[in-house]
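> Here is how the chains run, residue by residue.
Number of protein chains: 6
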Amino acid sequence: MLSKNIETFIGCDNAYEESKIVIFGAPFDSTTSFRPGTRFASKAMRGESFGIETYSPYQDKDLEDITVFDGGDLELSFGNTSRALGQIEEFTALVLEDGKIPCMIGGEHLVTLGAVRAVAKKYPDVHVIQFDAHADLREDYLDETLSHATVIHRVWDLLGDDRIFQFGIRSGDRSEFQWGKDHIFTNKFNFNGLEDVVEKLQGKPVYLTIDLDVLDPSVFPGTGTPEAGGVSFMELLHAMLKVSGLNIVGCDVNELSPIYDQSGVSTATACKVLRELLLSLKTN
Amino acid sequence: MLSKNIETFIGCDNAYEESKIVIFGAPFDSTTSFRPGTRFASKAMRGESFGIETYSPYQDKDLEDITVFDGGDLELSFGNTSRALGQIEEFTALVLEDGKIPCMIGGEHLVTLGAVRAVAKKYPDVHVIQFDAHADLREDYLDETLSHATVIHRVWDLLGDDRIFQFGIRSGDRSEFQWGKDHIFTNKFNFNGLEDVVEKLQGKPVYLTIDLDVLDPSVFPGTGTPEAGGVSFMELLHAMLKVSGLNIVGCDVNELSPIYDQSGVSTATACKVLRELLLSLKTN
Amino acid sequence: MLSKNIETFIGCDNAYEESKIVIFGAPFDSTTSFRPGTRFASKAMRGESFGIETYSPYQDKDLEDITVFDGGDLELSFGNTSRALGQIEEFTALVLEDGKIPCMIGGEHLVTLGAVRAVAKKYPDVHVIQFDAHADLREDYLDETLSHATVIHRVWDLLGDDRIFQFGIRSGDRSEFQWGKDHIFTNKFNFNGLEDVVEKLQGKPVYLTIDLDVLDPSVFPGTGTPEAGGVSFMELLHAMLKVSGLNIVGCDVNELSPIYDQSGVSTATACKVLRELLLSLKTN
Amino acid sequence: MLSKNIETFIGCDNAYEESKIVIFGAPFDSTTSFRPGTRFASKAMRGESFGIETYSPYQDKDLEDITVFDGGDLELSFGNTSRALGQIEEFTALVLEDGKIPCMIGGEHLVTLGAVRAVAKKYPDVHVIQFDAHADLREDYLDETLSHATVIHRVWDLLGDDRIFQFGIRSGDRSEFQWGKDHIFTNKFNFNGLEDVVEKLQGKPVYLTIDLDVLDPSVFPGTGTPEAGGVSFMELLHAMLKVSGLNIVGCDVNELSPIYDQSGVSTATACKVLRELLLSLKTN
Amino acid sequence: MLSKNIETFIGCDNAYEESKIVIFGAPFDSTTSFRPGTRFASKAMRGESFGIETYSPYQDKDLEDITVFDGGDLELSFGNTSRALGQIEEFTALVLEDGKIPCMIGGEHLVTLGAVRAVAKKYPDVHVIQFDAHADLREDYLDETLSHATVIHRVWDLLGDDRIFQFGIRSGDRSEFQWGKDHIFTNKFNFNGLEDVVEKLQGKPVYLTIDLDVLDPSVFPGTGTPEAGGVSFMELLHAMLKVSGLNIVGCDVNELSPIYDQSGVSTATACKVLRELLLSLKTN
Amino acid sequence: MLSKNIETFIGCDNAYEESKIVIFGAPFDSTTSFRPGTRFASKAMRGESFGIETYSPYQDKDLEDITVFDGGDLELSFGNTSRALGQIEEFTALVLEDGKIPCMIGGEHLVTLGAVRAVAKKYPDVHVIQFDAHADLREDYLDETLSHATVIHRVWDLLGDDRIFQFGIRSGDRSEFQWGKDHIFTNKFNFNGLEDVVEKLQGKPVYLTIDLDVLDPSVFPGTGTPEAGGVSFMELLHAMLKVSGLNIVGCDVNELSPIYDQSGVSTATACKVLRELLLSLKTN
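Residue numbers (the working numbering), protein chains in the order written: chain A, 18 to 301; chain B, 18 to 301; chain C, 18 to 301; chain D, 18 to 301; chain E, 18 to 301; chain F, 18 to 301.
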């Protein structure tokens, strides 16, 4: 039913029907308050993905061994946030309905809300693991409730207490951290405690959202709000591999803004994160 | 009532009460479909304005001779277009109410709609002169009616036939040009016919909107959708001086996107256009 | 037989069989001695083409009205110039055989040699019109006979005297200009004399090669060897329209190097040149 | 007495009278021999500071909890080094006189000399802690004694032996290191030995100068003379927190050159260093 | 006596003794108040000069036909303006003494003062022709009398009334223009009136100073203070050729700041201006 | 016999006859399939080398203490790979013949093949140590056997099994790793096992090839194919010092592509790697 996109992410050229995983872009950044540009992430990643290999020496696996369909980019409304989130939710629901794992490429972090809405309908007991530099827990931001800075609070509105697990957080206002203490699990600065969370979530459906700014800006400058003091690529990779034993029913990588890194390193690194993420998913 | 902004555009450091002209930034680009970034224009222009002089050898006038208040930037909602336009309309109305000329710095071209709404309330017979590369006459764009690509159609919704005069237009789809023939005056490519329009609008209230991409991209690369074949700075200057004899009750310059021109030339040129515009306004 | 490329140049999404014109990329720059990068031109142009319209207000024509197939990029050998030229010749011959007009996107200017070889086989009396800043008439360059700096001399090897017409030339060594006087027609600096040439070539098969560095570097900085003192976009457009009455059996645009112009203006301008070229071709 | 600067560093909008700390810019780089540009640091930091939070999750403190006045930028003479240093000394003395802590934003490292002159007058027994990649210990540089490359030698002229403590040094000529052995304390490459120095300086007045190029260029490329092999942001942060128990009577951060890092990461990191520095100062 | 620099400007590899013209760099920008970087001009021009040809199709002359020695760059004191000007004067005097024409590559425009001092000693009746966007006639700037903004006033201090002829001027404060009316000849915006001046200066010794920002920023963005509304390359070339009939005893090109134009076009254009200048000098 | 190049790498200005080491550039990148630009490396490194010191605080040695001749850049054929490799081999042989150590600055990694050919003729039992992110072990690439992606396979063609030792490898296709297991020693990701290799190669002639992309892209973004997860500068430095006890008869550093890192950090880091490499060579 869905037609195949020829310019795909490297090694993701399977037909929709035969694929276990579906990647798609959500090029939306209308609520970004500081520096926009994440709308270009998915397009840039497809183009630059041909600079990396399909084979991972870390996992000794190859994208050729698995089946991934690249659905291209959603055509989202700019300047109409509610409608754009609805469009993301709709597409994610379609993929879930067909028994596949949706893997979204943002866009600003708010796009996660659209995907989680669909996932939470199919898996009411879904838990969320968030790798991120920013807490994203504001109740509202400049009077708007739908914002990149409020997205995890909105996810909490859907899921409630004890369902969200944050790692790598190193920025937020005081009230976010205080509110968070009562409602979600936050590990500041790094991935300490991740094993315990993985242990705890065995058997549960999990949605994994990777805000790429969890990486140190030295290795990932191409993002809207860089925060010094982040994790290295190898630390992120190891964290992803730890999580990969869980039942991941949906995931996303977001907040790449290619224009801020003219060396192309950020895009190349995002491609490598996505490759490792795809290879790590259990698709039985 | 309004407090003074210390980092002003060069030579625009008068108090609100004593000023005949009020400049302010509308840093909004949420509907920009191609390359965002105009939100940074007003801030960049204030900073770079200190690279130009307050004196114009073209008009033999000096910003020190006139009174301009720089109201700083409006805090606009990102991702909520209707609200943002309301905020612009409200501020513009306030300035008009106090008998001053509002001169807005965009932002994407859609911000003009907010200002024109306020102007049309005070001056129901207002006419609009538009310098632009793009017709901006679509009925809707990706299903949205409020968009940088529809803004002049929306202005027409307010004002009706024979009230809008476009110059420099060199891009649009076929239907825009066809629709335009019945409703507005369009001069393609350059400023031919401007004298006649100026003649015709003597004594009428006029709103002047300058989309800076009317300039050739050689002199103004720093914009979201550059279109080869534009006018030179001197041609734009002469057109502005022709218009300056009219009763301009409001104006704007828009679509500078500083990030796409790392040489700084586009920002410097925008500053010079603004200086000449301010000096050309009749403030009796 | 050939499959359709989904990410096409804007408006060029017709099937091969039904198309009168075939565009394709020749991403080759291995002999570029100064600043490489033209290999990225065709890919960049496809991506950025969505920033322009399919409709031309200059010709009042629309890409939707004509039939163009976008064959994607040839996979050319890097570092093996002879083989790469052979691959270009082969593809061009295929297109000609099917009665279509080949329109190649370079690549460095040397790629023209591959296309002209195929064209000259089908049309032995083909004439070449070249718009360029550089004469490209060297006998050899750093001991190599196949080079961007020798390409028109190599074309002369194929076609002989009085078959090549150069316009806009403003750079070369003295010996190139001297040799040229006896063998080809050279008009320096601009398009003077083009009408006469057009008159003379009525009814003859013509290959048109546009080295985009004929444009002034102000409007086209994104090229390997920028030469001040070039023509404006409007001058190039008018020259193209003059030539369009001829029987053009093949054409190319080349020498865009997107990386040297981070504003994107050069790529946008190249797209607009290509749109106007496609719309101007007689395809009856 | 001093008027308030509206565009302040984030959270530093207190009135002069009520503030314990005064930040100010010293935009001077006239002696920079390699790549100038630090003159833009303070302006860039104020603008970009709104991309970080006022709250530090590292120290669990907020800029809202303390009182900082932002005095804007000094207007320094370009091309007249002696006069510029005099202007810095004068302003620093004024701040000290009023019982506040001066915190200067460079500029090239030479600006430290102006501030230390004022500090040494009020606190003759002041000790200097320097975090830096470069020794800056030359006697003269290209025959000039006032230079970014001689600044710590000039500070030694004022203070004498055993008063200067360098950390992170990984560049200099052989003679600098040899001279340094007899006159100052140098720890190469990292912060080893900092605890001992902190122990030793308990109760003494201390001036802390942070040349931001002590950071590894991966996280801080935006500087004139990047030196591979530097410390990470977290190492610098921990070193700053160790020093914060001392009686710091003045401090500076310097050598950010925003133009060399178009990603904005260096400026954002400098802002974060300044936030942490301000929050770490003992103010009563 | 002077040794030869191997990395020379293209075609300028003659020995000092046999040369009629001597080019040398004056990489100084310490008084630049806005955006420094002209110190890199001469080095960048030498490197990029290999992208242009030695032959000029405009003049039908070749750098191989004349004798030019490239003396490399002077080692100038940064941050000590008086000393730097003395160094320039000294070198220029040496070249003049040996009967050669000095042709300096700036640096900021202030370097012209050093050269004119030497020239005025040998030729007390020297006249100065200045191509520039800025009047540079301030009495002082930020209290400094030696500044890029005062340089022509300082030249007037040496030469007096009716000896200086400015063309292309489009920026300055009102007082500069007013002062200028009584003391020098100023033609605003373009080269109108140049023929008359050339007529008038027949037989007189002339120093020609070309501030490259006289060019429109579209073709020359790589400069510290770009001013829209400048002349084209061809207009500048024609003006240079008009002046070339005069007895030019010294000259300079200045204010290229390569870092602000990453396309390299500004540097390439500066190289072409220098080539044409060198070829146009009468050296008999 | 060879003449001295005046613009040398810092501190490498000895005469050929008196030098123990000879550095030279091999500016070749014609087979680069992804992003070209390494041809500019040697030129950029010479220019930027003046931003580092000749003295190494790591080794407490100074370039002034040793004798290095900088032979400038080879003039290599672009687009004719075989000939270019022949030119490299020839020059390397010349240096070896004169009893000096050749130290080549690439260029893409393929240039290593030319140098190793010459080395293997003089030292048939030469062993190769490779620091690299990529295995470079393909049998052919896009049908070409001479390619940056096949270079180490080609070296193996010359030397056979058990003579090549790779470290830091983190990218390749599956078949490369599989083939490698039987023919060469590969240590993935880091320098583990280097001591053993050094132990094993005592007394043997060794060629050391450093593909600078072995460094993490955070510290070395300026390369064609950046691969996250690399080593730090200090790790590379320690590895080089371990190797330095061996009998290194030739070496190279390659794959710097300056244009992709506008901060200049990559070039500065490459310079520092080269300085440390030169200082670490045993020249008895």
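No lab work stands behind these hints: they were computed from the structure. Any given hint might turn out to be false.
A pair holds if it fits inside one copy or across any two, identical chains being indistinguishable in the list.
Here are the computed lysine-lysine pairs in the DSS-like style, where the Cα-Cα straight-line distance is at most 27 Å [claimed, not checked]:
no.	residue 1	residue 2
1	Lys198	Lys37
2	Lys205	Lys78
3	Lys78	Lys198
4	Lys60	Lys205
> For every hint, state whether the structure bears it out.
Here is what the structure says about each hint:
1. Lys198 / Lys37: The answer is neither: 37 Å in one copy and 32 Å across copies each exceed 27 Å.
2. Lys205 / Lys78: between (32 Å within a copy, 15 Å between copies)
3. Lys78 / Lys198: between (39 Å within a copy, 17 Å between copies)
4. Lys60 / Lys205: Close neither inside one copy (32 Å) nor across copies (31 Å); limit 27 Å.
In this structure, the earlier hints numbered 1, 4 are contradicted, and the remaining ones agree with it.
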